[in-house]
Amino acid sequence: MPDEVTLTIDGQSVTVPKGTVVVEAARKIENLIPVFCYHPKMAPVGMCRMCLVKVGTPKVDRGTGKVELDTDGKPVIQMMPRLQTACTTPVSEGMVVVTKDAEVEHAQKGVLEALLTSHPLDCPVCDKGGECPLQNLTMGWGPGQSRFDYSDKVHFQKPIPLGDLIYLDRERCILCARCVRFQDEIAGDPVLGFDNRGRSWMIISKSDPAFDSKFSGNTTDICPVGALTSADFRFKARVWELQPVPTVCNHCPVGCNMTFDMRANEIMRVMPRENDAVNEIWICDRGRFAHHFVASPERLTTPLVRKNGKLQEASWEEALDLVARQLDGIRESAGGKAVGGLAGPSLANEDLFAFQRFFRETLGSPNIDCRPGTALDLPLDDFGAEYGLTSGTDLMQLGKGTVVLVFGADPEEEAPVHLLRIRNIAKRGGTLITINGRATKLDRFAEHTLHYRYGAETEVLAAMLKPLYDAVPPEGKRAALRGFGDLRGVLANASAERAVANAGVDGPTLEKINQALASATNLVIFYGQEALRAGTSVTAGLANILTLARKAGAPNSGLVALVPGANARGALDMGVRPDRGPGYSALKQPGMAAHEMFDAARQGRMKALYIAGLDPVQADPTLAEALKKVDLVVVQELFLTATAQLADVVFPVLSVAEREGTFTNAERRVQRFRQARRPVAPQRPDWQILQSLARQLSAEAVIAASANVSDKSRRQARRAEEQARKRTDWSYASPAEILMDIAASVPLYKHISYASLESALGVWGRKPNEAYYFDGTSYENTGGLGKQVPAGAENGGTLSLQPFNVRTFSQPAERPWKLIATPFLYDDSTLLNGSALLNNRKARPVAALNPADADSLGLKDGDVISIASGRGELRLSVQRTRLAPQGVVLVPLHVQGVPLVTVVEAGVTAVAIRRAEG
Amino acid sequence: MPKTQLQEHIVLRNREIANIADIAVYTQHGGYETARKALTTMSAQAIVDEVKKSGLRGRGGAGFPTGVKWGFVPREIFPKYLIVNADESEPGTFNNHEIIDHNPHQLIEGIIISAFAIGANTAYIYIRGEFAYGARLLEQKIAEARAKGFVGKNVFESGFDIEIYVHRGAGAYICGEETALLESLEGKIGQPRLKPPFPAVAGLYAKPTVVNNVETLTNVPRIIEKGADWYRTFGTERSPGTKAVSISGHVKNPGNYEIPLGITMREFIYDWAGGMRDPNVPLKFIIPGGASSSWLTPEHLDTPLTWDDMAAAGTMLGSGAVVVLDESVSVVKAALRVDEFFKHESCGKCAPCREGTHFLVKVWERIDEGHGRPDDIELLSDVGRQMLGKCFCPLGDSAVSAVNSAVKFFRDEIAAQIK
Ligand SMILES: Cc1cc2nc3c(=O)[nH]c(=O)nc-3n(C[C@H](O)[C@H](O)[C@H](O)COP(=O)(O)O)c2cc1C
Ligand code: SF4
Ligand code: SF4
Ligand code: FES
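Chains as they are written, first to last, in our numbering: chain E, 71 to 988; chain S, 2 to 420.
Because the hints were derived from the structure by calculation, they are not lab data.
Just to be clear, a hint being listed does not mean it is correct.
What the hints assert, rightly or not - Under the rule of at most 20 Å between Cα atoms (straight-line distance), these lysine to aspartate or glutamate pairs were calculated in the EDC-like manner: (1) 189(S) <-> 943(E); (2) 223(E) <-> 366(S); (3) 223(E) <-> 341(S).
What the hints assert, rightly or not - Incomplete in silico selection of chain S near chain E, CB under 8 Å: (4) 153; (5) 157; (6) 169; (7) 190; (8) 208; (9) 351; (10) 353; (11) 356; (12) 357; (13) 359; (14) 390; (15) 391; (16) 392; (17) 412; (18) 415.
C-beta: ideal position from N, C-alpha, C; glycine also.
All chains should be modelled from the sequences, with the hints used to inform the complete structure.
Below, the structure is given as structure tokens:
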């Protein structure tokens, strides 16, 4: 085979792909060549010299070009005069490698002796002790003793903060540059570097603020010594005391696999867990450092019931009984429709499924939603499921031939690890296209970038759709696309010229993008909050691009919707929405959306509101008025949120660390998290609370159904009774059983079970110990890789083009600016409660303006402005930044002191800006 | 004409022609005519071929055939760069210095012809930071050449553009190593790069790049003017031409000499440089090719100064810097001095050199101070063995030359100092 090479390592023959380096070839046959600077995820640099081996190649006769043979007919091997670094030496046919002999050992001992000369050997107080490659390699390959004088060690001030989150101990650093290279090659934030030379050569941070990266924690994992430690874990525990429990990050839709490393029922640290299909071996700093909400003393511990106008502690029996009786009464008197339910996108699938059952079956109410009901609610996204990334797609495997289009999204803030993975596709030869209203970090790695005028998104999409549309061959093919004719009129006037004129994009780049789309083998389209907020025509346009490029349902292609929340996709899949049931099933009668429920509440038509894992009042304080008009407000929460404070009954719930469940990520991978911690108070999982209520509420329902025989045939009666029994069967002993129920009633989830989520371990062929040599730490995945559910378009039926319209935003003259709500990773979400380390990184309550615009308004940094829309006004201080496009004011989402809800309107919000007096 | 002087200098023509640094003088003596001829009448390939035929070998240390190196440059990738290595930091070496200060136009003409030959429109002269005068002078000389239309756009109306920039280093010996030089030139910390890729394929800004020493390029105009055959009348078959050699230490007439390659070390020291400074104190050893090179002793005096003969004697022609040391010199002090240099200059990138140079110095120091330990000679040799061939770049190896030479030739003297 031409692409494979066979070589011999210590007498053992091994065949590997061309281009493999000797270290990896040896690893394949479990021959661990010691390394420090080499890391499997980064380009080799060959600088630590630990991996020196003997290398020989078959001798070729210069005259004949043939391999010379010895008397036995074996090739004559010519050994290279010097030892070679196995991490940088590519294999070649017939190569002979010797990794164990006196000369190699002498070199290895020499390198280790040299490294240890400057090493402080403070293992007893070093956090890396116990999982330290330097310790392990010294034991395995080092000299027993050093000939250097102890007093000759280099000394540095130690440790020094390298930013808020990471400490650097320069004495321990062995100068392998893994951290620097990670920041350059993987994170794309080249903020670390070196200073000085010789023995004074050292790591420095080059950014201000120091170590300014959302991925900094990963450097503590890959550092092969204890030079980099996290401010969170330093001196907290010895690693051998830790018990890693598999979990899934609950902070964003990527769903990074992690472990909670536990000691004595406490989360001591969070570590990545390897899953190439999701996060490889990386996590972002929010995932790593924002676990403190779990052990926060502010957590709710017992149920609270409002008595004499005040929330007071109550027993579970009392609280549950109260809620069940009141709901029963409302159901009797006003009907189920007088009850509304909101359940948030960070709840597990099991909770969400139970939630919609509780509403639809037990209470008979169609009014449920997964949004908080404020002016900032995003449209519900169906395209991410219908046209989603097809099952089996592994972004890690994509490269050449793949076009990744990122539209209206800022993955760094919305889904940080996706940034790394998208960048890697580009690095492997894929074509990255970013199309946004403003500059984002991903632009730096993109081959083509367009910045549109906000409000003109559909103009750009029309210009992209047009050539794809025209290229669909008439006979047969067009008929196979439902809605083909409907687009004709819409696209009739579309053109690149028009997009250039109306959206302000660069024409030649647009042409190149269209060429790339037309010739893509795989097409992956990411869209985020700005695209969603811009309206369904935008997301429909993206879905249509996929369909017209003939990539809907095709392998390695599809949409990825970055809907905020770790389980936003799960909430939609489970049917926690007013318009569709589980699995996007049609409903006879749609219910009220969240904001409609609050409208109804204001008008006194809503008798009860049940809110789980959402805090509408925090997002919009005016909703408090509506809540006051509701007879019964029930809240399930971790904390006494602004909404919980107004509730009649508050149920304390278990956090992700204290229970089991599954989340479905943006790529529709269902993943399981485990219980890591014993509950320290009598909180309960969300689903269990709902089950208890449902049981109390439905005790009578079966009897009622079977008693009513007179006007029905016996068969009808039996069916009615059966249905009622099914509806009222609430006997889940565990979330695993709920998932079985989900699998039975949601076709997409047919093959999902706890067992299936655990399968396929160790596909990367790691041995538990070797990780310490190659990675700096262990990322062992014992918790399973999860499983992707199929996208709707995979069914192979007729594909539909979605209704798409070109809408150009017309700016009212009196409000000449556009306000854009921008998501930030570090915002004021409840899940960041208690993680004080991240406070400095949080988005500040400022309005970002382009310096040219600020100049035209005569505004300096810090000046206070009034931003007024057709709905209201808000005041913020100004931050001048080139990241804001001209004519636009960027205002952060979910940041305290920024009442965005008072001003935002659907789509683009036109605002007037003036200096605020006083 | 004494036999200790060339009839005709090739690179140190300033020794024959007064004020050749003056562009008027230089052009009077045919200066820039060769560049004109080359650019207007010759193909790039013809120049490469002529240089190949001349057998010119790189003067920066390794002696790699220059024409062959040029031949590695892929023709179809643009832009390409020519880098002039004027970092000259090897202790004892000061021949580039003289060319730069006294014969700069011949260097510039060499740059123009060589850049044309490899298809580079940009050349950078990376000059040792301490050569402040030389750097300013070169800029002035480039400006003079530009004023005459020899540098810039469409030079000699040939359609060829050539820009030459002078970039000063910041005081790191390692930046003379070609890849560290490129890093430094790119504004990064000066440390060697992993090879391959070699600069000819991916050098400055990952583009094809040729790095040549000052003296190497200063040879080029004469080779093109007078032809490879003429050039080969100097030197030997495998080491053709002349070499500007710096000699220092305990000799009567230290300085630069342009010698025909192939004369013996004895001829060079005793005939050309006037012999030992004090005829009563005999020669003890020679550091023959810069501080990096292994030492020679009086028994090697008949070694011809060619790349091959020096290699056969266990050392190298190197940068062309002969340091002659007489019996008054302490071997331990000399080795300590050399290794202190390498310790100071170790970039820190790889552990064996970073820590090894430090360790060698420590041991030499304690021997010198009279605290040597019985095993120290073995220790030095073993640390040397741990470094030799195991470092990232040749700097680490260089530090071992002094150790191995001292132990090989003067073991007894060191042992005596330890007792
Ligand atoms: C540590 C080290 C220092 C070097 N210093 C110089 C130098 O100062 N000047 C120089 O021309 N070459 C120096 N070299 C050699 C260069 O790497 C390179 O081989 C040379 O510039 C090539 O030019 P040439 O082919 O014309 O000789 C050094 C090499 C090493 C390993
Ligand atoms: S801090 Fe750690 S990862 Fe960075 S260079 Fe030092 S040892 Fe390597
Ligand atoms: S041998 Fe290593 S430490 Fe020394 S100069 Fe070269 S790369 Fe730097
Ligand atoms: S040099 Fe190969 S692992 Fe560092």
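Results for each hint:
| no. | hint | in the structure |
| --- | --- | --- |
| 1 | 189(S) <-> 943(E) | violated (49 Å) |
| 2 | 223(E) <-> 366(S) | holds (16 Å) |
| 3 | 223(E) <-> 341(S) | holds (17 Å) |
| 4 | 153 | violated (32 Å) |
| 5 | 157 | violated (38 Å) |
| 6 | 169 | violated (18 Å) |
| 7 | 190 | holds (5 Å) |
| 8 | 208 | violated (19 Å) |
| 9 | 351 | holds (5 Å) |
| 10 | 353 | holds (5 Å) |
| 11 | 356 | holds (4 Å) |
| 12 | 357 | holds (6 Å) |
| 13 | 359 | holds (6 Å) |
| 14 | 390 | holds (4 Å) |
| 15 | 391 | holds (5 Å) |
| 16 | 392 | holds (7 Å) |
| 17 | 412 | violated (20 Å) |
| 18 | 415 | violated (18 Å) |
The structure is inconsistent with the numbered hints 1, 4, 5, 6, 8, 17 and 18, although it conforms to all the rest.
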